[in-house]
Amino acid sequence: MRYLPKSPADRAAMLQAIGIRSVDELFSPIPAEYRVTRDLAVPRQMAESEIVDWFKQRGKENGEGYTSFLGAGAYSHYRPVVIDALVQRGEFLTSYTPYQAEFAQGTLQAIFEFQTMISELTGMDLANASMYDGSTAAAEAVMMAVRVTGRRSAVIARNLHPEYREVLHTYATHQEIPQKLVSFTAAGQIDLKELEKAVDDDTACVLIQSPNFFGTIEDVEAIAAIAHKRGALLIVSIAEAVSLGIVEPPRSADIVAMEAQSFGVPVGFGGPYCGVLATKEKFVRQMPGRLAGQTVDKNGKRGFVLTLATREQHIRREKATSNICTNQALVALMVNIFMTVYGKVGLRELAKQNLAKTAYAADQFSKHAKVLFAGAPRFNEFVIQTSEDPYAINSRLLGHKIVGGLPLKKFYPELGNAALWCCTELTTRSMIDTAVGLVADSEGSVRTMNETEPAEVAR
Amino acid sequence: MKHITRKATRHISQNEGLIFEKSSPGKAAWKLPPLDVPEVDTKALLGSQERKDLGSMPEVSEIEIIRHFTRLSTWNYAIDLGMYPLGSCTMKYNPRVNEFVARIEGLANGHPYQAEKISQGALQIMKTLSECLLEITGMDAITLQPAAGAQGELTGLLMVRAYHESKGNARKKILIPDSAHGTNPATAATVGYAVENLKSNDRGMVDVAALAAQMNEDVAALMVTNPNTLGVFEQEIHKIADLMHDQGGLLYMDGANMNALVGKARPGDFGVDVMHLNLHKTFSTPHGGGGPGSGPVAVKKILAPFLPTPVVITKPDGTLGFEYNRPQSVGRVRAFYGNFGMFIRALAYIFANGPDGLRQTTEDAVLNANYIRKGLEGTFDLPYDTPSMHEVVFSDKLQSKKGVKTMDLAKRLIDYGFHPYTTAFPLIVPGALMIEPTESEPKEELDLFIEAMKSIAEEVEEDPQFVLDAPHNTRISRLDETAAARKPVLRWKP
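Chains A and B are the protein sequences, given in the same order. Numbering (the numbering used here) for the first sequence: 1 to 459. Numbering (the numbering used here) for the second sequence: 460 to 953.
Same shape as in the complex, but just chain A (with noise of 0.2 Å):
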């Protein structure tokens, strides 16, 4: 086995040396019965060739060649070379956790340096140096908010991802957090009459998400008013970080549970990603997850190390702030040289770029179908409406070699034959302009057959 470095005369050498005869004897400690003495059942042994070559054949099968316009939590984004070149660095690909900061400043430093631009683009006073994905840091944020106030409940918008929704109720349930739904207007928005009956005394936190998951951007200021009037948090959940370099952060808030995959990271069929948890400088004692803080050693040169660990679970068991141990470093190393790379200005000019494009997008739709929720502004996605259902407009599309939107049927069936699309900054306008054409297409002749129906022909 290609993986293994011993030669037959090295294991009886070291078998001598312990004084033993045979390996199995090493397993005698399992009881006879439960020792395994076939082959299990797993595929043969395979050459390096034959792996490359299945996986291949894997790759060909899921998607490969097709334009997409699907975003929901999972966004394409140009990866600059450089990330994959630098993460796959042996020092950063297989170093462990940098508890021994001697051995692991590069590490440390990276996740320093990582903290340290989250917390600036989020416009909190500090960040972790990640959590699982944006739905678990989501959740975390609320059963830290839960700690912070003492309080037991927790007010959510329904036009937060419903997959996070699902994670945040699969957690909340048994710390037996009440959740309630707050729905959105016609411009897609949390419905701010709604959420301010919605909050009371016993609310731990208001969770939203902007921009939502309509794409569309939320009025964050008022939103903090209201929470903050009776006490509660409030936590943004930012699935796009991209947006972030146009889009004005949340700075009213009180924690910011990000998932940052548009920033560097493979769409990879959903993970790994990203999560991060950002907030003010007075809730860190409530924050979970590891982080990196700098001090000096013996000599007083800077360097750093992993702190404030009474929080975790290895030195606080069942009284952590929670049970996370492995985070998600190499993706955040991803996220940090993404950062590093369009820095400043590059961010504000990648982001407007997702804005130009889907400005143009949602207005090409628009002529054919109706672009919903056009009354509040967006970062990179709309919902369209059409008279067909988008499940048989996306099956034509991927006729040809197009992925269409989100249908949204399943998570909001008031919607009707609503889709989620999206465009970054690798939507080319031919891309739109065909897909536009297949839905203004199918559109018409929908219509066609619908002639009789006048209210259908007006729209």
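Certain hints may be false.
Unchecked claim - Covered by chain B, according to a simulated footprint, are these stretches of chain A (three or more residues, beta-carbon under 8 Å): (1) 82-92; (2) 133-142.
What the hints assert, rightly or not - Cut-off 25 Å, straight-line C-alpha distance, at most; resulting in silico cross-link-like pairs (DSS-like, lysine-lysine): (3) A:K180 / A:K193; (4) B:K631 / A:K319; (5) B:K952 / A:K280; (6) A:K298 / B:K946; (7) B:K864 / A:K298; (8) B:K486 / A:K352; (9) A:K319 / A:K280; (10) B:K952 / A:K301; (11) B:K698 / B:K658; (12) A:K401 / B:K774; (13) A:K370 / A:K409; (14) B:K586 / A:K56; (15) B:K576 / B:K774; (16) B:K658 / B:K632; (17) B:K586 / B:K576; (18) A:K6 / B:K466; (19) B:K913 / A:K6; (20) B:K952 / A:K282; (21) B:K946 / A:K280; (22) B:K576 / A:K409; (23) A:K6 / B:K902; (24) B:K511 / A:K352.
Bear in mind the hints are in silico, worked out from the structure with no lab data behind them. Just so you know, even glycine gets a beta-carbon here, dropped at the ideal spot from N, CA and C.
Start from chain A and add chain B according to the hints.
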């Protein structure tokens, strides 16, 4: 005489400041293509929501970025440099073909919401990995969704809870041996269970008599790690399982130490009802400086209805798909389907090994640990002489007489070019040195490690202060952790 190359020598390493300290206006490492749609008026589109300034975000060139991160990387230790004997962390070789196949276009760029029709490749990977893991563990059903081991524990205990609730009583507490990882009690608390400690016996195993006394119908499950954190196989595991099952309880196994069992014994055969695996330990996906992990949870049939949604199924037409309609499911624990990129790597590892390779891997891992044990017995105190599987736990009892503790020994080991072992864990061994070499170490590396440890033990006798002041050869000396925690500086400021 054969020439022995010593493990490490000092060499020049580059100094490097924070990236912010290199920044100056006008430098750039990016270039966007020309915009092919009309420019937009950001003020008109965003109004007061437009961001004006990105504060102290850096402005640097590409070569500076390459040098910055390359220099930082050289300050790290890594498996690629040598043995990384962290007990219970299983720092094994991370094969490069895993990284290569994970970056194949359709796999790296597939969108989680693209139609199932064009997701058959990803689904096939998930299905094949699931089947392999079920065969390896001897369990009946599996979810790949949990993002890491601790989230696997959470998922497993949620299922335990859902199972008991379906019987009309969620029960109140989880039994956890005093040798367990910190994540076990932290997870039980997250799921709303009380934690009750279970003392180990004088052989470092679960005390079956104590368990019998503590087991009652308030206990939802026992969480065991097997082999446990002493590297000892729980020989009475089936008795333990029976004790749990007799009173309606379940047996949870923390799969952190599965590297001792793959191809040699299957938890499903010895009475385990639910367990998690760590793909980043046993199945060679890289630790990456702390993550990402992946923590699949495998269960017996009785728990299958409670698996998180969605699960991969074969549809009537023979294609694969996701099933969401599972009324008894505990729900979702993560958006999308889990850390898919880790599934690819773990499956590539299983393919590279095959059944014979997996077995040989386990045998080598156990052989290596026992070789170290033999080499260091006598030099370091062995608190439990029970046979070791894949890791061995010594204590600093002999060296602490000179005032030198396990962490000091560990820091000195750095000077010899090795990453330290796990210190001060498990908690049942005062001053523990927990050593897990994994199968990835050649005999020469093990010999160098043994020699280094023996040499440090001699130094403790001759000049304990020298060891207490270690490390001596690193870029920086021991860091002031107290100051870091008292006045936390968690970000750079201009």
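Hints versus structure:
By the rule of at least three residues with a Cβ nearer than 8 Å to a Cβ of chain B, the coverage given for the segment 82-92 of chain A holds, with 10 such residues. Counting residues of the segment 133-142 of chain A whose CB lies closer than 8 Å to any CB of chain B gives 4, which reaches the minimum of 3, so the coverage claim holds. Only pairs whose Cα atoms come within 25 Å are accepted, and A:K180 paired with A:K193 is accepted, the gap being roughly 14 Å. Note on B:K631 and A:K319: the hinted pairing holds, with a Cα-Cα distance of about 17 Å set against a maximum of 25 Å.
At roughly 15 Å between alpha-carbon atoms, B:K952 and A:K280 fall within 25 Å of each other, so this suggested pair holds. Restraint check for A:K298 and B:K946: satisfied, since their Cα atoms lie roughly 17 Å apart, inside the 25 Å limit. Our distance criterion of 25 Å between C-alpha atoms is met by B:K864 and A:K298, whose separation comes to about 19 Å. Only pairs whose Cα atoms come within 25 Å are accepted, and B:K486 paired with A:K352 is accepted, the gap being roughly 19 Å.
At roughly 22 Å between alpha-carbon atoms, A:K319 and A:K280 fall within 25 Å of each other, so this suggested pair holds. Of the supplied pair hints, the one linking B:K952 and A:K301 holds, its CA atoms being roughly 18 Å apart against a limit of 25 Å. Under the criterion of a C-alpha separation no larger than 25 Å, the hint pairing B:K698 with B:K658 is consistent with the structure, at around 17 Å. This hinted pair checks out: A:K401 and B:K774 have alpha carbons roughly 24 Å apart, not beyond 25 Å.
Distance hint between A:K370 and A:K409 is fulfilled; the C-alpha atoms sit about 16 Å from each other, no more than 25 Å. Using a Cα cut-off of 25 Å, the hinted pair B:K586 and A:K56 holds, with the two alpha carbons roughly 17 Å apart. Of the supplied pair hints, the one linking B:K576 and B:K774 holds, its CA atoms being roughly 12 Å apart against a limit of 25 Å. Between the alpha carbons of B:K658 and B:K632 the distance comes to roughly 16 Å, so the proposed pair stays at or under 25 Å and holds.
Between the alpha carbons of B:K586 and B:K576 the distance comes to roughly 15 Å, so the proposed pair stays at or under 25 Å and holds. Distance hint between A:K6 and B:K466 is fulfilled; the C-alpha atoms sit about 18 Å from each other, no more than 25 Å. As the CA atoms of B:K913 and A:K6 are separated by approximately 23 Å, the hinted pair is consistent with the 25 Å bound. Distance check on the hinted pair: B:K952 and A:K282 sit about 18 Å apart at the alpha-carbon level, within 25 Å; holds.
Simply put, B:K946 and A:K280 have alpha-carbon atoms about 15 Å apart, close enough for the 25 Å limit, and the pair holds. With a C-alpha separation of about 19 Å, the suggested pair B:K576 and A:K409 falls inside the 25 Å cut-off, and the hint holds. A threshold of 25 Å between alpha carbons decides the hint, and for A:K6 with B:K902 the separation of about 7 Å falls inside it, so the pair holds. The suggested pairing of B:K511 with A:K352 holds, with an alpha-carbon distance near 12 Å, which does not exceed 25 Å.
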